[in-house]
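Take the sequences, apply the hints, and build the full model.
Chains as they are written, first to last, in my numbering: chain R, 81 to 523; chain A, 2 to 487.
Note that these hints are calculated values from the structure, not bench results. It cannot be assumed that every hint is accurate.
Calculated Cβ distances over 12 Å to all of chain A for the following chain R residues [as the list claims (entries may be wrong)]:
hint, residue
1, E104
2, T120
3, E132
4, S198
5, A207
6, Y280
7, P286
8, T314
9, E325
10, N500
Quick list of simulated restraints, FRET-style, between CB atoms [unchecked claim]:
hint, chain 1, residue 1, chain 2, residue 2, range
11, A, T328, R, K294, 45 to 51 Å
12, A, S387, R, R493, 37 to 43 Å
13, A, S378, R, F278, 43 to 49 Å
14, A, T328, R, M125, 29 to 35 Å
15, A, T137, R, M163, 18 to 24 Å
16, A, E420, R, L371, 58 to 64 Å
17, R, S328, A, E420, 33 to 39 Å
Idealized CB from N, CA, C, for every residue including glycine.
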Amino acid sequence: MQQTIHDVNLKKLVAEAIAIAKKEGASEVEVSANLDDGFTSIVRMGEIDTVEYQRDREIDITVYFGHKKGSATTTEIKPESLMITIKKACDIAKFTGEDPYNGLADKALMAQYLPDLSLYHPWDLSAEQGVELALACEAKARQLDKRITNSDSVSVTSFQAKYVYGNSHGFLGEINSTQHEISCILIAEQDEEMERDFAYSLARDPKDLIAIEKIADEAVSKTISRLGARKIKTCKVPVIFIAEEACSLWGHFVSAIAGSQLYRKSSFLLDCLEKQIFPEFIHLYEDPYLLKGMGSTAFDSDGVATTKKYFISKGFLKSYCLGAYSARKLGMQTTGNADGVHNLIIEPGEKDLPQLLKLMDRGLLVTEVMGQGVNILTGDYSRGARGFWVEQGKIQFPVSEITIAGNLQTMFRSLIAVGNDIDYRGNIHTGSVLLGQLTVAGN
Amino acid sequence: MVSIMITKTSHFETAMNELLLPAELTEQHLSNLLNDILGNKIDYADIYCQSLQLESWGLEDGVVKEGCYNIERGVGVRAINEQKTGFAYSEDIALPALSKAAMAAKSIAKLGNDKRIKISGPINGLNLYHPVNPITGLSAIEKIQILHEVDQLARKEDPRVVHVIANLVGVYELILIMASDGTLAADIRPLIRLNVSVVVETKGRREKGSSGGGGRYGYETFIQTGAAAYHAKEAVRQALLNLEAVPAPAGTMPVVLGPGWPGVLLHEAIGHGLEGDFNRKGSSAFANRLGEKVASSLCTIVDDGTLVNRRGSLNIDDEGTITQCTTLIKDGILVSYMQDKLNAKLMGMKPTGNGRRESYAHQPMPRMTNTYMLAGSHDPDEIISSISKGIYAVNFGGGQVDITSGKFVFSASEAYLIEKGKIGKPIKGATLIGSGPDILTKVSMVGNDLKLDEGVGTCGKDGQSVPVGVGQPTLRIDEMTVGGTE
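See below:
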């Protein structure tokens with residue numbers, strides 16, 4: 081089923097939808113559409129587990145009648161369905177209330193420059209070949225250590241996507257992208273105790289994927305290292321978030337500067353613009369134009385041009401994260417972040433992870449956090465965690481069934497160092513992060 | 002609940018008319034397709050047609066500023082050979098797209114020879130909810146009125162309320178399943194939900210509170226039961242309480258869990274670990290433990306898909322199996338897993354009506370429906386007064402579990418200190434962590450006040466979300482780690 085996303089002229093469809101909605105009387109219109117094709121090949125214990133062919137279609141229509149707004153979405157990318165969907169959106173707008181902040185972003189802010197950000201690199205790989213690759217990765221992993229007694233799943237995934245956003249200002253942008261992933265999830269066993277962990281590689285370009293041998297290696301060593309985990313006594317100690325998990329901390333920061341949280345007075349960073357939030361050595365910016373980046377885009381979901389800019393400079397908050405609507409609610413200008421941040425980069429320090437451990441001396445290295453215990457309104461933070469106990473700068477033993485708790489505001493202030501062991505795979509690029517004291521609850 | 006005289010056959014006719022007729026498809030087309038898929042290496046195949054309408058309205062700052070209407074239709078085709086699954090889907094319910102999906106799904110096993118299937122007549126599922134379309138049941142103006150009522154009541158409740166968000170969501174879902182084991186079944190599933198979230202502010206301190214509920218019925222029920230007033234008041238009460246909250250304690254201590262939604266404990270601590278797929282693969286901490294004691298003998302826990310009108314209930318599951326009440330743990334002994342067809346067959350067990358999927362674009366897997374613990378004999382007050390120092394948690398955000406190590410968390414959003422047998426000050430939100438196979442052995446008292454949740458649960462697994470319910474009586478757990486700061 082190698083039908084591709086290019087079979088549909090999505091730009092034309094979106095432009096037509098905008099024209100129809102205007103004819104229906106809408107004063108402003110915006111339409112976004114997504115096509116997504118791909119496959120996932122999953123193997124387990126030397127056999128195929130699942131081969132899944134994905135094919136998703138969605139078109140979202142938003143109409144404005146003055147300051148009244150209506151939306152409708154459909155998975156049927158056909159002219160008839162489009163007509164019904166547009167009419168439905170217009171119907172809804174008859175019943176919603178006047179919201180003076182509703183409407184498209186200013187026309188002058190629409191992205192003009194739409195460069196190729198090198199996001200589209202199809203992988204010449206069939207689902208069957210995906211199975212072979214996954215089997216090879218799993219086989220390699222299972223032979224590395226006797227304690228790897230089971231495999232949860234090893235998978236190869238490849239997707240192509242086409243995204244079009246257009247609005248009645250005449251803006252029409254298209255992004256073609258690909259995403260490929262190899263993931264290896266293993267189970268290790270020792271003394272009737274089981275532990276599971278994983279490693280993965282994710283990239284826009286299949287050439288940038290890590291070799292399966294390396295993925296297998298990493299998955300095995302991570303999983304084995306969890307064996308023999310124990311609880312520790314309740315204490316207050318410094319904590320290092322390993323790079324992979326440090327992304328979650330910066331994610332909370334992004335939530336707290338998001339326009340929707342701010343105008344709802346639901347953020348602990350309300351009224352903090354130009355105020356110091358982190359120590360002076362913290363610099364944090366977004367680069368939407370990064371080639372092959374997971375968050376790369378020249379326009380946000382309002383069609384507004386994205387810009388490379390600092391959110392934090394010398395520890396001070398330089399910009400919120402706003403779209404047109406939240407900006408108007410706050411009496412500010414959109415920052416081109418209607419859909420969040422685009423490649424958030426935390427400038428690294430000079431230390432690698434072993435040096436950070438040394439700097440911490442005694443404390444907790446967190447490799448996984450669990451649960452939803454983060455309150456963006458108050459900054460109160462309490463999550464399940466696991467990782468390793470560190471003494472004299474060295475890992476001593478694995479730790480599990482503990483919680484870590486504090487308040488994000490103080491945690492950000494207490495930040496001691498960011499490592500240079502950057503995880504480049506996602507939309508947030510950070511090294512490991514060493515924080516001051518948190519409460520660790522255990523025995 | 003009034004009983005309804007609608008038989009499943011009419012569900013089936015509705016599904017045929019809405020899903021197959023527009024594409025000029027018949028039952029025969031589907032069974033031909035299943036025959037095409039079957040071969041000596043494919044031992045099971047199914048076709049799942051679905052249409053879904055979803056409407057949502059959102060109020061904020063006193064204005065209903067968002068309204069959205071979604072239409073989704075599509076078909077998923079699955080082919081199974083022993084433990085191997087091939088799966089493909091299309092948003093186009095039409096013969097060419099279906100054939101293509103079928104070819105893709107069967108590609109997991111290339112060889113084939115004829116094995117004819119015989120489809121029996123449509124099965125009669127349960128009649129747990131009316132086949133109503135909530136979206137057309139009330140006019141837009143009436144729905145919006147519910148939201149305005151929430152807003153006004155919340156603001157009237159207390160002058161410290163500075164922000165109110167209210168959302169109303171209605172879903173009307175139609176499914177039709179045909180499978181090579183002869184299954185032919187259809188269901189019509191309404192689902193509605195009201196959510197309220199408020200922010201209160203005083204002397205520079207801000208806190209939030211939220212409340213919500215719903216089930217498988219029309220919006221009229223919200224009006225009849227006064228849901229708007231109930232959830233508005235409840236959200237404000239919680240937010241105001243948080244204004245008084247003191248930092249939570251840190252460490253291991255006795256914990257009393259209130260009745261109802263705190264049953265999320267059961268969902269995380271043991272529910273996921275008892276899903277068939279994890280046990281078949283040996284990746285669950287509960288694998289190979291049937292017949293063993295995994296909880297104190299006070300604990301009997303069921304997964305029940307047959308509760309009338311509940312959010313987690315289903316007349317049939319998404320593989321066409323009639324749902325049931327499955328006892329998972331009886332007097333502390335593990336007696337059953339939750340199964341879909343694939344895992345039941347591979348484990349030599351029976352499906353339990355737990356084969357669920359988010360949509361046509363997702364594969365079925367064993368999932369919970371309504372999971373709860375049966376009532377015990379203790380008076381709730383007696384349970385509280387049995388503790389000299391601990392916490393009493395009555396409301397939770399959500400939870401998460403690592404089914405392999407068994408470690409799970411859930412986050413309290415309303416909790417109090419217990420001091421010398423008395424409920425004390427409210428404490429700030431804190432995460433509780435424990436070990437699934439171990440935690441229920443520490444249940445030393447079970448209340449006589451079994452309660453189910455309000456109908457807010459959504460469970461995520463492998464990227465698929467399905468509506469679920471939980472419940473429990475008041476419980477005393479002798480020892481659990483509380484993730485506070487003090």
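(request) Determine which of the earlier numbered hints do not hold for this structure and return their numbers in increasing order. (result) 2, 3, 5, 8
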